[in-house]
Amino acid sequence: MFMQITKSLAVMGSVAIGTLTLGATPPAFAATEIQEVTSPGGITAWLVEEHSLPFVVIEAAWENGTLQDPEDKAGLTYMMAGLMNEGAGDLESQAFQGELERLAANLSFRASRDRLSLSFKTLTENREEAVELLRFALTEPRFDQGPIEQIRGQLKVAILRDAESPDKIAADAWYSTALADHPYTRPSKGTLDSIATLGRDDLIAHRERLFAKDNVNIAVVGDIGPEALSELLDDVFGGLSDATPLEEVALAEVNPEAQLQIIERNMPQSVVLFGHAGIAREDDDFIPAYVMNYILGGGGFSSRLMTEVREKRGLAYSVATYLYPLRHAALFIGQVATENERVSESLDVIRAEIARLAAEGVTEKELADAKTYLTGSYPLRFDTNDKIAGQLIAIQEADLGIDYITRRNGLIEAVTQDDIKRVAKRLLGPENLIVTVVGQPEGLEAN
Amino acid sequence: MLNRSFFLSKLALGALFSVALVLGACSEEEKTALSSEPIIHGEEPGAPETFELSNGMQVVVIPDRRAPVVTHMVWYRVGAADEPEGMSGVAHFLEHLMFKGTETIPPGELSKIVARNGGQDNAFTSSDFTAYFQRVAIDRLPLVMEMEADRMSNLVLTDAEVMPERDVVLEERSMRVDNNPRSLLSEKINQALFPVHPYGTPVIGWEREIAALSTENAIAFYDRFYTPNNAILIVAGDITAAELQPLAEKYYGSIERRADTPPRVRETSVGPDGPLRVEHADQRVRQATVQRQYRVPSYRNAPGLDSEAMDVLATLLGGSATSRLYRNLVVGSRVAANAGSWYSGTALDDATLGIYAIPAPGHTIADVEAALDAEIAAFIEEGVSQEDVDRTVNLLLAEAIYARDDQQDMARIYGVALTTGGTVQDVLDWPDNLRKVTPDDVMAAAKKYLDLSRSVTGILKPAGDI
Numbered sequence: 001m002f003m004q005i006t007k008s009l010a011v012m013g014s015v016a017i018g019t020l021t022l023g024a025t026p027p028a029f030a031a032t033e034i035q036e037v038t039s040p041g042g043i044t045a046w047l048v049e050e051h052s053l054p055f056v057v058i059e060a061a062w063e064n065g066t067l068q069d070p071e072d073k074a075g076l077t078y079m080m081a082g083l084m085n086e087g088a089g090d091l092e093s094q095a096f097q098g099e100l101e102r103l104a105a106n107l108s109f110r111a112s113r114d115r116l117s118l119s120f121k122t123l124t125e126n127r128e129e130a131v132e133l134l135r136f137a138l139t140e141p142r143f144d145q146g147p148i149e150q151i152r153g154q155l156k157v158a159i160l161r162d163a164e165s166p167d168k169i170a171a172d173a174w175y176s177t178a179l180a181d182h183p184y185t186r187p188s189k190g191t192l193d194s195i196a197t198l199g200r201d202d203l204i205a206h207r208e209r210l211f212a213k214d215n216v217n218i219a220v221v222g223d224i225g226p227e228a229l230s231e232l233l234d235d236v237f238g239g240l241s242d243a244t245p246l247e248e249v250a251l252a253e254v255n256p257e258a259q260l261q262i263i264e265r266n267m268p269q270s271v272v273l274f275g276h277a278g279i280a281r282e283d284d285d286f287i288p289a290y291v292m293n294y295i296l297g298g299g300g301f302s303s304r305l306m307t308e309v310r311e312k313r314g315l316a317y318s319v320a321t322y323l324y325p326l327r328h329a330a331l332f333i334g335q336v337a338t339e340n341e342r343v344s345e346s347l348d349v350i351r352a353e354i355a356r357l358a359a360e361g362v363t364e365k366e367l368a369d370a371k372t373y374l375t376g377s378y379p380l381r382f383d384t385n386d387k388i389a390g391q392l393i394a395i396q397e398a399d400l401g402i403d404y405i406t407r408r409n410g411l412i413e414a415v416t417q418d419d420i421k422r423v424a425k426r427l428l429g430p431e432n433l434i435v436t437v438v439g440q441p442e443g444l445e446a447n
Numbered sequence: 001m002l003n004r005s006f007f008l009s010k011l012a013l014g015a016l017f018s019v020a021l022v023l024g025a026c027s028e029e030e031k032t033a034l035s036s037e038p039i040i041h042g043e044e045p046g047a048p049e050t051f052e053l054s055n056g057m058q059v060v061v062i063p064d065r066r067a068p069v070v071t072h073m074v075w076y077r078v079g080a081a082d083e084p085e086g087m088s089g090v091a092h093f094l095e096h097l098m099f100k101g102t103e104t105i106p107p108g109e110l111s112k113i114v115a116r117n118g119g120q121d122n123a124f125t126s127s128d129f130t131a132y133f134q135r136v137a138i139d140r141l142p143l144v145m146e147m148e149a150d151r152m153s154n155l156v157l158t159d160a161e162v163m164p165e166r167d168v169v170l171e172e173r174s175m176r177v178d179n180n181p182r183s184l185l186s187e188k189i190n191q192a193l194f195p196v197h198p199y200g201t202p203v204i205g206w207e208r209e210i211a212a213l214s215t216e217n218a219i220a221f222y223d224r225f226y227t228p229n230n231a232i233l234i235v236a237g238d239i240t241a242a243e244l245q246p247l248a249e250k251y252y253g254s255i256e257r258r259a260d261t262p263p264r265v266r267e268t269s270v271g272p273d274g275p276l277r278v279e280h281a282d283q284r285v286r287q288a289t290v291q292r293q294y295r296v297p298s299y300r301n302a303p304g305l306d307s308e309a310m311d312v313l314a315t316l317l318g319g320s321a322t323s324r325l326y327r328n329l330v331v332g333s334r335v336a337a338n339a340g341s342w343y344s345g346t347a348l349d350d351a352t353l354g355i356y357a358i359p360a361p362g363h364t365i366a367d368v369e370a371a372l373d374a375e376i377a378a379f380i381e382e383g384v385s386q387e388d389v390d391r392t393v394n395l396l397l398a399e400a401i402y403a404r405d406d407q408q409d410m411a412r413i414y415g416v417a418l419t420t421g422g423t424v425q426d427v428l429d430w431p432d433n434l435r436k437v438t439p440d441d442v443m444a445a446a447k448k449y450l451d452l453s454r455s456v457t458g459i460l461k462p463a464g465d466i
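Read top to bottom, the protein sequences are chains A and E.
In this text, residue positions in the first sequence follow this note's numbering: the first is 1, and each later residue adds one.
In this text, residue positions in the second sequence follow this note's numbering: the first is 1, and each later residue adds one.
No lab work stands behind these hints, which were simulated from the structure alone.
In this text, all values refer to a predicted model and were calculated from it rather than measured experimentally.
A virtual CB, placed ideally from N, CA and C, is assigned to each residue, including glycine.
Result set (EDC-like, lysine to aspartate or glutamate): computed pairs, CA atoms no more than 16 angstroms apart in a straight line:
| # | chain 1 | residue 1 | chain 2 | residue 2 |
| --- | --- | --- | --- | --- |
| 1 | A | 312 | E | 159 |
| 2 | A | 73 | A | 201 |
| 3 | A | 387 | A | 33 |
| 4 | A | 312 | A | 345 |
| 5 | A | 365 | E | 109 |
| 6 | A | 213 | A | 397 |
| 7 | A | 213 | A | 235 |
| 8 | A | 387 | A | 49 |
| 9 | A | 73 | A | 202 |
| 10 | A | 387 | E | 409 |
| 11 | A | 312 | E | 161 |
| 12 | A | 213 | A | 242 |
| 13 | A | 421 | A | 360 |
| 14 | A | 387 | E | 406 |
| 15 | A | 312 | E | 109 |
| 16 | A | 73 | A | 247 |
| 17 | A | 312 | E | 167 |
| 18 | A | 421 | A | 364 |
| 19 | E | 188 | E | 207 |
| 20 | E | 447 | E | 373 |
| 21 | A | 365 | A | 413 |
Facing chain E, a subset of chain A residues (Cβ under 8 angstroms, in silico):
| # | residue |
| --- | --- |
| 22 | 102 |
| 23 | 149 |
| 24 | 156 |
| 25 | 157 |
| 26 | 160 |
| 27 | 166 |
| 28 | 317 |
| 29 | 338 |
| 30 | 369 |
| 31 | 373 |
| 32 | 377 |
| 33 | 384 |
Just need the whole structure built from these sequences, with the hints factored in.
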């Protein structure tokens with residue numbers, strides 16, 4: 001009854017508002033609980049002990065990702081991630097997966113543009129054996145020809161599916177317009193042509209290059225103590241190379257000119273992306289910008305855009321804006337989906353709201369409401385072992401410090417109306433929006 | 001220990017005052033309603049507790065004291081399958097309209113009040129249930145209980161609020177269904193599997209019927225089904241039944257019953273007269289898929305351990321990377337890029353058992369469909385070993401342990417069970433029942449339920465493909 005319920009909820013598809021998506025900041029009550037554990041071999045992890053459930057979660061994230069694909073080998077990192085649990089040591093793919101299942105352990109690897117990561121979960125009773133599988137996967141993956149062909153086939157399917165998805169079509173087009181030929185515009189999964197050329201030697205060399213000790217962040221949450229963890233860290237990660245040079249990636253320049261791009265597709269509803277340059281995570285104004293974005297379009301039903309576009313006019317089911325402080329680019333992007341006849345009206349409303357915020361800032365009440373939400377909802381990011389591990393990784397990646405959880409709400413509290421006015425003026429450019437529309441919008445002309 | 005006071009100090013007083021003002025008007029009667037003595041179901045930490053209010057509202061508490069937060073949910077035993085003929089989508093439409101205000105809370109304010117108090121809220125509708133929830137710090141629980149109780153009987157709807165929201169729902173349908181060829185195929189498959197039963201109607205509704213829904217339709221639906229005796233309160237998180245009981249009595253116990261609990265009797269036996277096929281060809285599709293769904297009993301109406309056996313069957317047939325379909329079609333012959341199976345066993349009436357395959361590059365829909373048929377035939381011929389069944393059961397039991405990490409998932413598990421004919425005890429008994437499943441049970445279920453005459457095969461393909 002358990003697994004099936006999760007599935008039925010996933011396909012049920014009738015939720016009143018989308019999940020609130022919050023940016024790149026972390027938690028509060030685990031604060032006193034985080035221990036920094038450094039193994040004799042020099043591997044460091046952040047640990048939150050939680051012994052009430054008999055399992056442990058390990059997350060490890062390397063500060064690189066598909067941006068490290070060689071120029072003529074797009075898709076290599078993505079493909080490698082898919083193959084890391086397809087056989088290791090003396091266990092071929094099916095034997096390896098069979099062992100994971102026998103132990104009821106979960107192990108997956110993921111690649112995104114800026115990150116290569118693994119997620120691992122094991123019951124306490126099987127920990128020793130399951131961790132051995134993790135070590136194998138990380139340090140002795142087989143990359144056998146059978147699984148390579150199988151994963152290549154799955155990648156092809158995924159690439160074709162992306163070509164069906166209006167959201168993905170819009171995102172690819174938007175990034176290309178905004179970032180010209182920066183590596184961020186390269187397809188993470190590669191192309192049908194590029195993945196056809198990838199082979200075993202590429203994968204072996206790439207693994208040695210990307211999985212090093214010097215650029216990994218590790219978070220462990222659950223039923224384990226620091227001594228056992230210390231030993232585990234050396235077992236699992238000790239065999240990685242100390243450091244390897246990564247490809248330098250230039251900071252992306254975001255196209256400063258307004259653009260309107262229309263990609264014709266036969267659909268009843270257009271998908272629209274809009275945005276321009278954003279703000280870096282390490283910028284002193286990031287937190288004020290984050291609060292500003294909550295008020296503009298980040299705050300679900302409470303945001304100005306949701307009120308104007310959805311509640312007052314019924315133009316769309318959802319509209320939202322996000323700050324994306326990527327490692328090599330800072331972006332501000334919004335999304336709305338609305339019927340073809342009303343795209344133009346929706347964009348007018350959105351532009352007007354961005355302009356109003358840039359000119360006038362926010363009211364005292366809006367700021368106070370944003371603060372009570374952002375500070376009060378902070379603990380909701382820490383109520384499962386999985387979520388805590390994810391937050392610990394995010395804090396490490398952004399170099400915010402192990403005490404960030406205790407400081408974070410104070411940083412939000414300190415934001416003033418003047419801060420927001422300053423950052424809104426600096427950041428928002430209603431006249432410079434790069435707009436991508438996928439669909440058959442009426443009354444719009446591309447430039 | 002987790003530091004609870006840290007959070008309380010961070011909640012601005014301004015928000016508290018504004019909430020108090022809004023709610024001042026509705027905290028009038030505090031008549032104490034009695035409720036039954038809480039029952040603890042089990043001895044482990046986190047064992048669920050239940051009691052019932054005097055107006056018939058059921059209460060489930062799932063303690064999880066790791067963090068000072070709670071998930072508060074109210075589930076109604078009503079969904080799209082309970083809609084009047086010709087009014088598809090009204091259950092989901094009403095779910096949206098429940099955010100449009102009451103006598104004391106202005107339209108759209110409820111979510112904003114929750115947000116101002118550091119909480120998150122949402123709602124969801126399925127064929128068999130509709131549920132509303134908030135996730136908040138434990139000290140905000142009384143606030144959200146008061147507002148949720150308020151909208152159970154004091155909803156105020158006007159055309160000025162309802163009509164724009166109908167446009168929002170039409171946009172939601174476009175986004176989820178009409179812009180997505182895979183959803184369009186699913187609608188066709190469901191219609192074929194359930195030609196008379198309301199499960200054949202999409203939860204979100206048909207576009208034409210959504211466009212005709214009125215304020216009166218929504219109110220009539222609300223008056224008939226939104227009554228405490230048709231509702232279940234589920235609170236998961238940093239609380240026990242003893243702590244919740246006075247709050248539940250205060251906020252929910254005083255709500256009058258507005259209707260009798262309606263019987264949920266729907267047609268159960270007609271169709272599909274299979275094997276049936278439906279196809280959806282679409283110029284937007286780049287990647288073909290084949291799936292087959294069998295109409296089978298659910299946990300509520302299956303005899304004996306048939307549902308548990310189908311859970312094991314679906315998992316060992318196609319639920320993992322070493323399952324039969326994956327091993328033979330994806331890893332072995334490589335005719336499929338992916339393949340699998342599932343059993344969606346929680347439903348008030350019939351459920352579905354499904355298999356699917358995606359052709360690998362260079363292979364056709366016909367290739368993978370033939371391969372699926374051959375695998376099912378060989379599976380039934382060869383049977384399964386005790387070892388396979390043991391391993392599969394262990395996998396499912398581990399998922400049940402992992403699920404306890406998430407209070408929201410736990411609340412949902414109980415909510416779904418209780419609105420689809422199950423009990424708290426059924427959820428608790430599931431691991432033991434699963435352990436009783438034998439290889440013979442699995443094979444008997446396979447022979448009985450992988451029955452082509454009860455199946456619909458759905459093909460999604462690019463327009464123009466043969």
